[in-house]
Amino acid sequence: MEGYTLEGKIALVTGVEHPVAQAAATTLAEAGASVAVLAGQAGSEHQAESERVAEVVRQQQRDARSYAIDVTQVEAIQSVIDDLVQHWGRLDILINGLDKPFAAPFLDITESQEANILAHTLGGTLHMIRAAGRQMVEQQHGRIITYLSVLAERGVANCSLYSMTQTALLQLTRSLAIEWGTRGVTVNAIGSGWMENSPLLPSDDAELQRLQRFIPNHRLGQPDDLAALTVYLASDMGGNITGQTMYIEGGLLSHP
Amino acid sequence: MRHTLSARAEAECMVRIGLFDERNKEHGVVLERLSLTNKTAVVTGGGTGLGRAMSLALARAGADVALAGRRLEPLQETAAEIEQIGRQSLSVPTDITVPDQVTHLIQSVIEQWGHLDILINNAGIVRGQEMKPVWEITDEEWHRGIDTNLSGAFYGVRAVARHMAERQQGKIINVASGFAYRGRRNEYMYTSAKAAVVNLTRSLALSLVDYNIQVNCIVPGFFIVQPPDSPVGQQRREQQGRFLAVGRTGEPEEIGPLAVFLSSSASNHMTGQAVISDGGGLSAGLGPLSVAPIADAE
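Listed in order, the protein sequences are those of chains A and B. Position 185, counted from 1, in the first sequence is what this note's numbering calls 349; the numbers after and before it change by one each time, with no gaps. Position 220, counted from 1, in the second sequence is what this note's numbering calls 948; the numbers after and before it change by one each time, with no gaps.
Here chain A stands alone, though its shape is the one from the complex (with noise of 0.2 angstroms):
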């Protein structure tokens, strides 16, 4: 399809252990771009789930490399961007999808929670996109894309420290947008809804029915809702979206 075309460009999707993480290598490498994953823990269970996607990418006949790390290490990071770099030689394309979903009350959250919470999501995102992006400045071409939740902009009961997170990076989206602008960098979001399988929903089938028949088109998201807008973002024709936080969610946001 015209303008959805990323051939020769090389992807890094971080978080592949979700779904929409798994449709946006699936979708890049549809696109024609040499993908890695990564799993944000370490451990050989968690290597061996990266690896089940990057051999998907293979059976797309495009190169794949998976890595799974502790992204709550600095440097753990930044040696898997100068493994890519040195591999395929640039990094175009950064999606972050790291996600903790996590809700409790706010009163009953212990410290061990919010450093972890604080540490993966926003601090793992944080600093994937501060070694990408040097790579990215350096090189005067890329695209970062972070995955969000509707509650980057809206206020839900026991979800304030994930929502703080989530308007974290919305934020941070906006301002490096502007810092990283004249040099080639985009950087942009893509919010999603309630999904399915998400640890979030409601467990009581009454309760989830309840919920279903809020959101407006009455069905939860599907991983591969976000992936073409991602691979459009992420094409040469996106270059002019920046700095934007755009929400894939069947209507939620237009509800009174």
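All clues stand as given, with none of them false.
From the structure, some residues in chain A lie toward chain B, with a derived Cβ separation under 8 angstroms:
#, residue
1, Met165
2, Thr191
3, Gly407
Stretches of chain A that chain B covers, calculated by requiring three or more beta carbons in the stretch to come under 8 angstroms of a beta carbon on chain B:
#, region
4, 345-355
5, 393-399
Hints in this document: simulated from the structure, not taken from any laboratory. Heads up, the beta-carbon is just placed ideally off N, CA and C, and yes, glycines get one too.
Mind docking chain B on chain A? Use the hints.
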């Protein structure tokens, strides 16, 4: 909302792995959903500028495209380009501020092609008149500005929505402007109307969602529609590009793939949204240079 990461989340992980295997059977098909084969579209203001670029992109994605606008000549020129691509085109001279003409436009396209899948409300005028103090704006100027930039879109949707509802499918794209989100000195009708277009999009999205009609909005910042080699085009690119984060103005062709996405089934979960393509313009705006001096936090 009482869950924390738990045994349940662990279980979900296992489900997800299974689902991914399931999806893998059909991986590599997301971009095929961008195809507009067998779709028909109406693009108002389709003869020139962004409208022309969107029309050509839709045609290349497989759609037949009807063009509406006040002057016939640019419509016919773009129609000829669409036919060169191998798609059908209609040129329907239309003043979108006149409800009957808009209804006629929609009806004649449905009559000709049997169905209408996509409506792009793109027509508008950036500046209907010179900018002047509010007390000098006449009733006629106010209504003309609002009608061209807001009412025309409403008339189009009103004329096509029942048809789309009966077919249980439709895509409506409104075109607003960065000035929907910012005021402008001595500019009243354009900024008001475009802001209204964004919120019209939201209400239409909610109202038509049960008919499987998605309504979204494209928000262009500064785009230069004159050719790059023309003196006016060059001058505007330089002047306006300087004020944008990306250091350049947009080119109409860049909007094409976005219009295709919002017209296709790939965007079926997206409705009521405004997608802003403005070179970073709306993310900035707190200072003439949008840069702060370096200040150490220590």
